[in-house]
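Novice: Work out the full structure: start from the sequences and follow the hints.
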Amino acid sequence: MAQGMNLESLGWLPKPPANFAQSCRSVLGAGDVGRQIRELASYGLDENQLNRLAHVIEKARRQNYSLAPLTPFRLGILSNCTTDLLVPALVASAARHGFALDCTVAGYGQAVQAALAPASEIHTAKPDAVLIAMDYRGYPLVSSPGNMVSAKATIDAALGQLEAIRNGVFSSGNAICIVQNLAPPVETVFGSLDKVLSGTLRGMAEELNCRIAGTIAGTKDILFDVAGLASMVGLANWHSPEQWNLAKLPFSSTYTPLYAEHLARTIAALRGKSRRCLVLDLDNTVWGGVIGDDGLEGIQLAQGDATGEAYLSLQRYVLTLRERGIVLAVSSKNQDETARLPFRKHPEMLLREHHIAVFQANWNDKATNIQAIAEELSLGLESLVFLDDNPVERNLVRRLLPQVAVPELPSDPALYVRTLSVAGYFESVGFLDEDLKRADFYQDNARRAALQTQFGDLESYLESLNMVITFQPFDETGRARITQLINKSNQFNLTTRRYTEAEVAAIERDPHAFTLQVRLTDIFGDNGMICVVICRNTDREAWEIDTWLMSCRVLSRRVENAVLQEVLAAAKQAGIRKLIGRYIPTERNQLVEHHYPRLGFVQTSHQPNGTMVWELEVASAPVENLPIDVQRQGIGMTTAAPV
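Using our numbering, the letters of the sequence shown map in sequence onto residues 905 to 1547.
I should point out that these hints are in silico values taken from the structure, not numbers from a laboratory. Positions of the beta carbon are idealized from the N, C-alpha and C atoms, including for glycine. Check the hints yourself; a few may be wrong.
[Unchecked claim] Only pairs whose alpha carbons sit at most 25 Å apart, straight line, appear in this in silico SDA-like list of lysine to any residue:
| id | residue 1 | residue 2 |
| --- | --- | --- |
| 1 | Lys919 | Asp1426 |
| 2 | Lys1152 | Gly1011 |
| 3 | Lys1476 | Val1517 |
| 4 | Lys1124 | Thr1028 |
| 5 | Lys919 | Thr1158 |
| 6 | Lys1392 | Thr1515 |
| 7 | Lys919 | Leu989 |
| 8 | Lys963 | Val937 |
[As the list claims (entries may be wrong)] If you anchor each label on the Cβ, the simulated ranges turn out as follows:
| id | residue 1 | residue 2 | range |
| --- | --- | --- | --- |
| 9 | Arg1228 | Leu1200 | 53 to 61 Å |
| 10 | Arg1041 | Gly935 | 29 to 37 Å |
| 11 | Gly1011 | Leu1340 | 40 to 48 Å |
| 12 | Ala1384 | Val1506 | 35 to 43 Å |
| 13 | Phe1428 | Gly1095 | 47 to 55 Å |
Specialist: Laid out in structure tokens, this is it:
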């Protein structure tokens, strides 16, 4: 198994919901069957779940349900192994890629006969493609150690057998052959010498793979690199002597979902459904840290630093994708100029502005920005892949834009490249000179139209997050983190006032101060402390909001509204008539310039230095119904005492 990536469970895909079985049972009881099936196929399903979904697809066919928008595709299968058990996984995995797959399987061990007989079930089915799924035991590979002449004759005979099958398939139709190469055997006779000594089984299998690739190059047929797949998980894991002896299974059934996924993505590439655009988040995705808070010198992106090198590896890989024609775009919750700063000025940055076709850095939700990117590039959403370290953002895009591919990312950025690679979104069955120019083509012709607001059903998504917000006064336990946030937060920070830990401790004890440390959890886990508020009495009837800062990762989730509701409730309890808020502009906090008016405050002054003062009458402030559950710890008679 590749380190850090659960390949057998397709770890780059989201885990299936707990009610997956129930969802399968309910598909045929509602409309839009094809879309429901594709949605259920979009998860990382195990063999049993794939079988269950395939059963739903078969039942839908028998009952004459439409499977649209799934595209019909007929696949013939020729093999020397047992493949009947593989078919359900193939059918369900194909739905993940937009296909209603119909498989016809030749009899066990009848690959040559079925290919050559015009009346065979394979020819009668008139398939769009035929999978030649032969493993090394299906070719006449006879060991002859040290005998170069015999080894060459053996390989020629095996290649001749394959050519006969391919010619037989071609003779009665226009089906494309998907030719599987060989996962070499695990067992050796001479150890490392097997790799170089003529006539060993390991050596001949690998030589035959080279010859197969050579005969396919330049033809319409396609190579299915099972050898690469097996090496990725380990040959000893791939081959199961027990399952071969018991049922003639060509590989361990553990890897059935992985095999089926790779074949399905090959079919998708054959039909031109590979992705063409990679949309990148920035903070903690392309570099470590938050550029708006950490600044240019604070983000992690440098040789000699393990974390920084992980992000550089991702940038390097992304550039190789661009070189082969994948279009790059950016969708970041950031101030535009701030987001562009590393691209322009960071000495270690490999990605530069000229590599990016569309650069969306603003405070809209990611789904809105991705929709705008697709429109500017004149690409369908199904052409896009979105890479983001934040699970909330990933799930938002999956919910609102299900056509967009969104891989799960591990916590360690060192594994980002591997995850993006094994996910196979950019699978290709050919490469032309025009492909080299594609990224520049889209970049040069991207429309720079004004971004239109297209939020989608954001409220129902927020409800589904099961957010729980916890309010607590400042205390000794949270003091260090509170101080860190006060001194680090730059973007969502109304006044950017800085306090030492000793000053924070003094504020805790100040009877004329009201404080909040705010935490947020949701279905993806604990977001930690995401907000700090300090209010001070200015007179017996007013609180001035001295400090209000929040983490940008929870923007567009109505958290600021919930915080205001808590402050208002405390103010009412303390007999306060109005709240006073100040916005003191800096180079980085333009994000919150309109924070107070959005919350219903009325402007009372605009000072020459740019500071704006806003007020809100406590009694007249509306109480909002928010999709957030509230918990309180240590909050009772903790409000600021009147002056």
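Novice: Which of the numbered hints are not met once you compare them with the structure shown?
Specialist: Hints 9, 10 are the ones this structure does not satisfy, whereas the remaining hints hold.
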